[in-house]
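> Residues per chain are reported as follows:
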Amino acid sequence: MSAPASSKPILTSRASDRVFIAGLALIGALYLFLILAMLAADASFTTPWRIWEALGSPEIRYSIKLSLISCCVTSLLSIWFAVPIGYVMSRFDFPGKTVIDAILDIPIVLPPLVVGLSLLILFQTSVGRWIEEIIPITYAIPSVILAQFSVACAFSVRTMRGTFEQISPRGEHVAMTLGCSCAKAFWLVALPEARRGMLTAATLAWARSLGEFGPILVFSGATRFKTEVLPTTVFLELSVGRLESAVAVSLLMVIAAAVVLMVVRIFGAPKSF
Amino acid sequence: MISIENLSVRAGMFRLDGIGFEIPTGKHGVLMGKTGSGKTTILEAICGLREPVVGRIMMMGRDVTELPPALRGIGYVPQDRALFNTMTVAENAGFALGLRGWSQPDIDARVAELAGWLDIATLLQRSPRDLSGGEAQRVAIARALAARPDVLVFDEPLSALDEDMRGEMCELLARVRSHSNATILHVTHSKTEAARLADVVFVLKDGIVSRETSTTK
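Those protein sequence lines, which keep their order, are chains A and B. Just so you know, we're using this note's numbering here: the first sequence kicks off at 95 and counts up by one. Just so you know, we're using this note's numbering here: the second sequence kicks off at 266 and counts up by one.
Please note that a few of the clues may not be correct.
Unchecked claim - Label-pair ranges, simulated between beta-carbon atoms:
(1) A:K191 - B:A439: 41 to 47 Å
(2) B:S397 - A:W143: 56 to 62 Å
(3) B:G277 - A:F127: 47 to 53 Å
(4) A:R185 - B:T457: 32 to 38 Å
(5) B:G277 - A:L332: 38 to 44 Å
(6) A:D199 - B:A439: 34 to 40 Å
Everything labelled a hint here was simulated from the structure, so no lab data went into it. Each residue gets a CB set at the ideal place from its N, CA and C atoms; glycine is no exception.
Next comes chain A alone, as it looks inside the complex (with noise of 0.2 Å):
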């Protein structure tokens, strides 16, 4: 059947498909060359002795220690909530699924502001104010903790969910036949199999506590020798006009930030989200 009188010939080279693809690698260059620009400004605004004297300055080390601290504890919360939630919503149907899904998901949207004063608020509360009888929280060391959690925890639990939804039930399944509970399938087999998940969910609950400062300022206050992590430091120092300390501090948090993405992406599970 020879071809309609109105069929158009079908106009493509390789020098389009070149075209195209130059095209893609600019926009890619363009975004890359701003984050690396960055990085190059703040490595040249300082040097490596100046970082140094920044790290022999007690507030900054007392800051350091606190970041580390809170960052590991935050990290290990947001891993043992994030692995039961992750589960539950990949493997079961149930009932509101929709609105529970959304609602794990408003710290990730939620201005970082907002979340400080939410938890400010929340503990002006009756029970509230009854837990701080017990521990003191806000504009104390806990509260950093909670405020890195209340965001933190949420892109855990997007990633373990992603990664049990990787994991075929099939292997559960089967223990289950075998003579496992469903606790024991989850402990024996499910739970091996996101072992990089949990890297990789801890990892970024960690960086991402790192680098937390809106509910913090808020929530914990920026009281030196108390509740002072590092983004604070980088606040507090250019408050006072030490620009060179704040970008040192700033370059430390690049590096332990680099070192985590390349954790993330030399143990971490294939596409987390």
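Following the hints, position chain B against chain A.
Relative to chain A, chain B alone:
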């Protein structure tokens, strides 16, 4: 014996009603049907992985309808084998025995016995990720057989294998039956498999299971 009586089972919007069939003790029953006809849904209900709406599932004279999968005494080989990738082949094969509190020497002896006649002895320390389709199938069968279940359930066991391997695997399934004395439910859409292996054939069509007499041995 596997006896399904007036079973109704639901999977999302899909529903099967009034399903009934019986496979006598020690026989190889094949349930045939087109893709999407609900074969796997019935199989999952038999394994206890899907709760029936109504109906009764009897195995070796026991009503297992309300029992959890762990207490049904089933060896299940799913279509995708679902081997445990974080364990070695030997750990996969001995998994059910560990759950039953067997000592490690007893587990090792049983795994070695199974590995001998399923021809997987050289694979025992390998990861399931490194196995070919046929090897993975043998390991999945070993894992299902280890605790000597009364009932074996195969879901499309040959569908992921090439033509040469299918013939070999058919022979293996026939040997499994004679070796284990278990009652077998084998789900497939292949008439060749049914003709080669089945003592009794059931066809699931338009939500109704009927016994086919012409192809039974």
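> Hint by hint, say whether it matches the structure.
Here's how the hints hold up against the structure:
Taken as a hint, the range 41 to 47 Å holds for the pair K191 (chain A) and A439 (chain B), whose Cβ atoms sit roughly 45 Å apart. The hinted window of 56 to 62 Å between S397 (chain B) and W143 (chain A) holds, with their beta carbons roughly 59 Å apart. With their beta carbons about 49 Å apart, G277 (chain B) and F127 (chain A) fall inside the hinted range of 47 to 53 Å. Between R185 (chain A) and T457 (chain B) the C-beta distance comes to about 36 Å, which sits within the given range of 32 to 38 Å.
The hint said 38 to 44 Å for the Cβ distance between G277 (chain B) and L332 (chain A), and at roughly 56 Å that hint is violated. Roughly 53 Å separates the CB atoms of D199 (chain A) and A439 (chain B), a value that falls outside the hinted 34 to 40 Å.
In this structure, the earlier hints numbered 5 and 6 are contradicted, and the remaining ones agree with it.
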